[in-house]
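Residue numbers (our numbering), protein chains in the order written: chain P, 355 to 784; chain Z, 355 to 784; chain X, 355 to 784.
If you're looking for bench data, these hints aren't it; they were derived computationally from the structure. Keep in mind the model is a prediction, meaning the values are calculated, not measured. Watch out, some of these pointers could steer you wrong.
As the list makes no split between identical chains, a pair holds if one copy fits it or if it spans any two.
As the list claims (entries may be wrong) - Taking lysine-lysine and the DSBU-like style, the derived pairs with C-alpha atoms no more than 30 Å apart in a straight line are:
id, residue 1, residue 2
1, Lys691, Lys754
2, Lys646, Lys763
3, Lys691, Lys763
4, Lys646, Lys754
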Amino acid sequence: MKKYLGYFLAGTALYFGFAGIGFAETTVSAEVQYIFNTLLFLMSGFLVMWMAAGFAMLESGLVTSKSVSAICAKNIGLYSIAGVMFWLVGYNLAYGIPEGGYIGSFTPWSDASSIDTGYSDGSDWFFQMVFCATTVSIVSGTLAERIKIWPFFLFAAILTGFIYPIEMGWQWGGGWISAIGFSDFAGSTLVHAAGGAAALAGAIVLGPRAGRFGTKGEVRPLEPFAASSIPLATLGVFILWMGWFGFNGGSQLAAGTLEDVTSVATIYINTNLAAGGGVLTAAALSRLIGGKTDVVLMLNGAIAGLVAITAEPLTPSPLAAILIGAIGGAIMYFTTKLLFSFRIDDVVGAIPAHFFAGIWGTLAVPITNSDVTFGAQFTGVVAICAFVFVVSYIVWSVMKATIGIRISKEAEKSGTDRAEIGVIAYGIRD
Amino acid sequence: MKKYLGYFLAGTALYFGFAGIGFAETTVSAEVQYIFNTLLFLMSGFLVMWMAAGFAMLESGLVTSKSVSAICAKNIGLYSIAGVMFWLVGYNLAYGIPEGGYIGSFTPWSDASSIDTGYSDGSDWFFQMVFCATTVSIVSGTLAERIKIWPFFLFAAILTGFIYPIEMGWQWGGGWISAIGFSDFAGSTLVHAAGGAAALAGAIVLGPRAGRFGTKGEVRPLEPFAASSIPLATLGVFILWMGWFGFNGGSQLAAGTLEDVTSVATIYINTNLAAGGGVLTAAALSRLIGGKTDVVLMLNGAIAGLVAITAEPLTPSPLAAILIGAIGGAIMYFTTKLLFSFRIDDVVGAIPAHFFAGIWGTLAVPITNSDVTFGAQFTGVVAICAFVFVVSYIVWSVMKATIGIRISKEAEKSGTDRAEIGVIAYGIRD
Amino acid sequence: MKKYLGYFLAGTALYFGFAGIGFAETTVSAEVQYIFNTLLFLMSGFLVMWMAAGFAMLESGLVTSKSVSAICAKNIGLYSIAGVMFWLVGYNLAYGIPEGGYIGSFTPWSDASSIDTGYSDGSDWFFQMVFCATTVSIVSGTLAERIKIWPFFLFAAILTGFIYPIEMGWQWGGGWISAIGFSDFAGSTLVHAAGGAAALAGAIVLGPRAGRFGTKGEVRPLEPFAASSIPLATLGVFILWMGWFGFNGGSQLAAGTLEDVTSVATIYINTNLAAGGGVLTAAALSRLIGGKTDVVLMLNGAIAGLVAITAEPLTPSPLAAILIGAIGGAIMYFTTKLLFSFRIDDVVGAIPAHFFAGIWGTLAVPITNSDVTFGAQFTGVVAICAFVFVVSYIVWSVMKATIGIRISKEAEKSGTDRAEIGVIAYGIRD
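Only chain P is shown next, with the shape it has when bound in the complex (with noise of 0.2 Å):
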């Protein structure tokens, strides 16, 4: 009889639940929806927070041995910053800009939590945090070698709490960019092309290491520019493809129905094919073009297949997601070369995999999500990079006539390590 009774009960339940699809899309209360949209916040956050590390081992990897001490120090530095200026000034620069609009208010973040807005508000505070420390962990790499620290450290003040909340508040938090259309669902371009373009201006003012190009500029680091380990930068790069995780999948801003969790672990495939694609990409055209299956140029191509990748993650087929992985390994590969050629010294090639890759990846979100389109797509890239190239080119130039940006030329020839940290990298003795 319970038998009977519980099949009654389980029959009514499925009659009343499936009826309630038709209306009601999910049958999962709001709170345990808001559980788990709290829960995809902190895990992605974690996850993302972790790249400040594959970021600090692929730059310490890549510079010079002499510089290694410097980058760790500003890689942690640069995200502690992060942390205080998002919260000071930052978050609500970017979300309590008014709709279609171009600015927030000056005001600290509070938690604002409640049943309705679904999801902790802390926990949005926190993804959204770890998304701008990273668009200044793409800046300290390419200026490695001849930046002094603590001006470093004013830009990646002004980056994250002003620079970048300003234009990511255009798409994410509602303003006038996303008004017209555009569209990037992780931010190849809000977060990736803006760093690399916060990089580029800093590369041109500062200007290149001493003696990197006294010859035609070389297509791979040699001595006296040899990476200090490739290991550590391998392993950077394996921190990044594992944090994208958090940064593309977390992106779904959702996890607590049947549609957003699937979602999610299509965000997940096309973003690890995507990164494959552009792996792959840059190890056969460094072999048939080089010669030499250049690990590095593997490295950045996982990045620039991820970053191509992060404007849509989820409408891709996982053939198409491999191709957009693909040809942005490609484009890194040649704009790297052109860099070169225009004396531009990247030290760790962060402007061809984030801000070429990433203009590549955003211009390509209609060829597979046709709600987009691509005049929208390339007003957004343009008013977005030139705005955050021509701000940081300012900032940089101001910078470098009052303060002064760039060590002396025997700190540079002795290290940054020993000029400005005073502690060796590596005191390796047999």
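Add chains Z and X to chain P, keeping to what the hints say.
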């Protein structure tokens, strides 16, 4: 009044809830279960993906410093290849198998998620893909320092696209080994012994590094075969250990009920204790027999313990888990010497830790799980190891006879980093 | 009609749902809560487990290059020992304590999961075990380069099996310190100051490295005591920072309601901001006082900030969290010099970052949490630190007088790697 109504409703819910438990086993709705199961796959998946970094660091640390860039390139390349191949053909070759059959279909994977599958199909693909990548990660270390990079990539494509999916489908796809009652919870044999068998075939066909066995085989890599970085190797093992919680815990395949999530916790505990048992056994044996507490053997002891518990991480008691791991560590210790006596050059000790400890773990399942017989375990181990070894041996031999698999003597002397990659691994200047 | 039925049912559910909130606080079923809580323990647990790798990298990076293999062996060994001991006796010694009592029972842990516990008992064991391991991780760095490995392992077994569980049970097991109103959310004192006290006792009994204080104590490790790898030390701190989200966030002990998961998010934010405050303070102090922006002090500043917020990561505002971390960083800075003046050789600076910053954080709890008194905090800190220091001092002294704890002068000169492990750490040839 409102309060009493609440009590009444709660009481009613409890009554019907408990009534329901009698036949439905859980009170969690199908959609919430779907979300939990999918999150388990995604979370476990990024942990197992992270193991690719663990193998990269372990192998970078244990090879000599002239072959580190190459091992980094191989590891990021093989992980990229595994993703593409497992989508293109691997998944359906394994899971498209007829019940009790031998091989699935040669079709790309496509998403078949629905509420009835109980989890996102894509999250399952992702989780299974990272297992596939693990299998080939095991191979790269053994063959380091002398194999050509592109033939290795070709083998990686064959292993991840065909060899691994076929034998894995025999069990997890519901094929013939599954039908005879074989049990391998998370792949001691399907993944680890299989990867070890492929590595063993490669090591035999390829031969040892030049000068490795000029004299009687040594027990420890000594000059000129010193490991390039013990801390990186240690990091690699900690990464693998962490990732193994996903490897074994995710293999519960569900987290949407009290029973399932409780099982996942038990699996975490047993996985951790077995690893510890392997470490301590290897430490004690190396100290008692070899005189010094060899850290490399401790690291491989951890892996051996982890591999050994992987076939059955759920049924053992904590003490049994420690012992299974400890015996795994001892087997690793003695088979390391065994390989030396056969003059088989396994650069990182992958065959002792994955192949021999994997076989041990699989054969040990019936000790703690009375539903499993030694006969079925023995049959499964022999079938899978023989299949993978023979097919791999043929593939390696054909490749050797055609495109060649070994770098030149000059290249081996200068190191794979200079010869194949064109990037030295450690540009450390003082 | 179907649609209106849906609205009716939804309305009814909302009405009764809200009616229910009045007395039941949550609408999440007991089984779903159980799953969420267990997942929080497991996810937080693998993050804290990952901290074992963080300590291994931090310590590998900061010791001299002749003691790196040994520190790797110690770290993987101690983590293995912690698992075994905390199962064998530790857990029940802590949690089997009578209410308000002093010591639990000497019995192995066994799984007591049921729906009534609210989470998997095993997931709790796993989470508590990794805390136990953290305590002894703190000790290994301080005593590096001169302690014998097996006596260290013996101490690790005593600390993880007895000393830590006993004092931790006084609070988290519901013992006497808990009864007087002491508050230590995630263990600023129970874990970090306790680990620091055990390290301090060991450093005093063991004495400094040969030649470390031949002249007046230096503020920075200089030749011949240069750190072996700053990037590995930086990686270690990023790992610890990541793991700390599990350490503090998981200490909410529940994630199955809106309130709980919102609290976890707040804890993530405060943990992150406090670490940043510690980094920036240490950077500024080292630059203003020492002249250079010392990266090692920045790294220890992060740890000090994290340790300081650990006693109360929930009640502080973001600004308060930054300040608590910043003061922790300053305390670390000045107590580092203090230890030098006492000629206590703490190789990695663990005592300033864990012991002194941990005491600060615990005493600071009443500033933001009005339910806690300074008196109770002071009593708890003194009781725990005195207990751990005195017992550790006795254990170290007895071991010194019997089996010996210090390697020979010759071994210290050649390094622990050659003397005890037989494996050099960095086989880097060009």
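For each hint, the structure was consulted:
Proximity of lysine 691 to lysine 754 under the C-alpha cut-off of 30 Å is restricted to the intra-copy arrangement: shortest distance 28 Å within a copy versus 36 Å between copies. Proximity of lysine 646 and lysine 763 under a CA criterion of 30 Å is satisfied inter-copy only: 18 Å between copies versus 34 Å inside one chain copy. Proximity of lysine 691 and lysine 763 under a CA criterion of 30 Å is satisfied intra-copy only: 27 Å inside one chain copy versus 33 Å between copies. For the identical chains of this complex, lysine 646 and lysine 754 are inter-copy neighbours only, at 21 Å across copies versus 40 Å inside a copy, given an alpha-carbon limit of 30 Å.
Going down the numbered hints, you'll see the structure goes against none, and every one checks out.
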